[in-house]
Structure formats: structure tokens, C-alpha cells
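Please take these sequences and the hints and turn them into a complete structure.
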Amino acid sequence: MDANPHANIPDWNLVDENFAPEDFDRLFSETQKYFGLTEAQALNFVRYHIDREREELRQIRARQEAELLALDQEMAELLRENLRLKFLRARLQLGQCLAHTRRAFSHTQSWMRRSSALRIFIVVWLVILLCYEVFAMLIPAVWLLYSKEEVEWCGNQPFNEVERSAQGTHGIFESESHKSCIDRDICFLQ
Numbered sequence: 111m112d113a114n115p116h117a118n119i120p121d122w123n124l125v126d127e128n129f130a131p132e133d134f135d136r137l138f139s140e141t142q143k144y145f146g147l148t149e150a151q152a153l154n155f156v157r158y159h160i161d162r163e164r165e166e167l168r169q170i171r172a173r174q175e176a177e178l179l180a181l182d183q184e185m186a187e188l189l190r191e192n193l194r195l196k197f198l199r200a201r202l203q204l205g206q207c208l209a210h211t212r213r214a215f216s217h218t219q220s221w222m223r224r225s226s227a228l229r230i231f232i233v234v235w236l237v238i239l240l241c242y243e244v245f246a247m248l249i250p251a252v253w254l255l256y257s258k259e260e261v262e263w264c265g266n267q268p269f270n271e272v273e274r275s276a277q278g279t280h281g282i283f284e285s286e287s288h289k290s291c292i293d294r295d296i297c298f299l300q
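Each residue of the sequence shown is one higher than the one before, starting from 111 at the first, in the numbering used here.
It is worth saying that the hints were derived from the structure and are not from the lab. Each hint should be verified, as a subset may be incorrect.
As the list claims (entries may be wrong) - Computed Cβ-Cβ distance ranges for the label pairs, DEER-style: (1) Arg162 - Met185: 52 to 60 Å; (2) Leu193 - Asp133: 45 to 53 Å; (3) Glu177 - Asp133: 27 to 35 Å; (4) Ala180 - Gln203: 30 to 38 Å.
The beta-carbon is built from N, C-alpha and C at its ideal position, and this holds for glycine as well.
Structure below.
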């Protein structure tokens, strides 16, 4: 089969999924002119090449589908692995959380034991201080209640002596220690 150099080379790239009847007519015409074939020969030649191109396209599509299926399986496996890792991470975090909770509970228990002992110590110490303060206030009060004579003090002298010395000076105190005893009401018990 001799090719005609002045004719167009048949474009077999037209044979694809969108192959239309006008594309077939074009290939048929170009093949007949290029190779100098009769209509029957050109028709058989074009059909043969179309069938071969379609078979190649089918094989390419089958390979692509197989690759896509393999990719889908690999993606599913990666998703399962990802879920497994997330589950393991969640278990690890839960275990850490439980460990922290147990440690915190243990620390809380030990702190409560220590704090209970500390509370007992503080309460006993406060009771001792309270008893000391109560006895410190009760002893002078009991002594004053049961003393034979209640002595009122003003400064460093009993008030009756201050009063007598004031009578001799017309109500004006001569002693420096008596200047704060202007009135009997400001004198206090010691």
C-alpha cells in the first residue's frame, strides 16, 4: 500500500470516547486518498484501526479503573489505620487522664490526712491560748471580787490619797503623776 504524499495523513487521534459519525467520514476519506484504496478497502482499514484504537482505550480505561480501585483500597486502609491510631491516642489520653486523676486523688487524700493532723494541732493550740486568756482575765476579776477592800488607782497612787492631796490644794494637783486624774471617772482599776 503506497502512501500519497499530497494527501492528508489520517488523524487516528479522532478515535476517542467522543468519536462521531463525521469523524468516521473524515477518517474514511483521508485513508482512501492517502493510501489510494477502494471504498471497501478503506472501509475495512478504517474499521480495523477504529477497533484497535477502541481496544486500546478500553485497556487504558480498565487500567485506570484498576488503579482507582487500588487507590480506593489504599485510602480505605489508610482511613482504618488513621481511625486505629485515633482510637489508640484516645485510649492513651484516657489512661493519662485516669493516672492524673489517681495521683490527684492520692495527693488529696494525703493532704487531707496531713491537714486533719494540722487542724487538730491548730485547734489544740487555740484552746490553750483561749484558756490562758480566760485565766488571765478571771484571776484578777476573782481577786477583785473576793478582796476585802476595792482599791481604785489613779496613776501610781490610790485614788483616796490623790483625793486627799487635792483637797489641800483647792482641787489643783501638785504632782505630775496626778495631772491625768482631773476627774474621778477617768481613773481605772489596776
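For each hint, the structure was consulted:
1. In this structure the supplied range 52 to 60 Å is violated for Arg162 paired with Met185, their Cβ-Cβ distance being about 34 Å.
2. Distance hint for Leu193 and Asp133: a CB-CB separation of about 49 Å, consistent with the stated range 45 to 53 Å.
3. At roughly 28 Å, the beta carbons of Glu177 and Asp133 sit within the given window of 27 to 35 Å.
4. Range check, Ala180 to Gln203: about 34 Å between beta-carbon atoms, so the 30 to 38 Å window is met.
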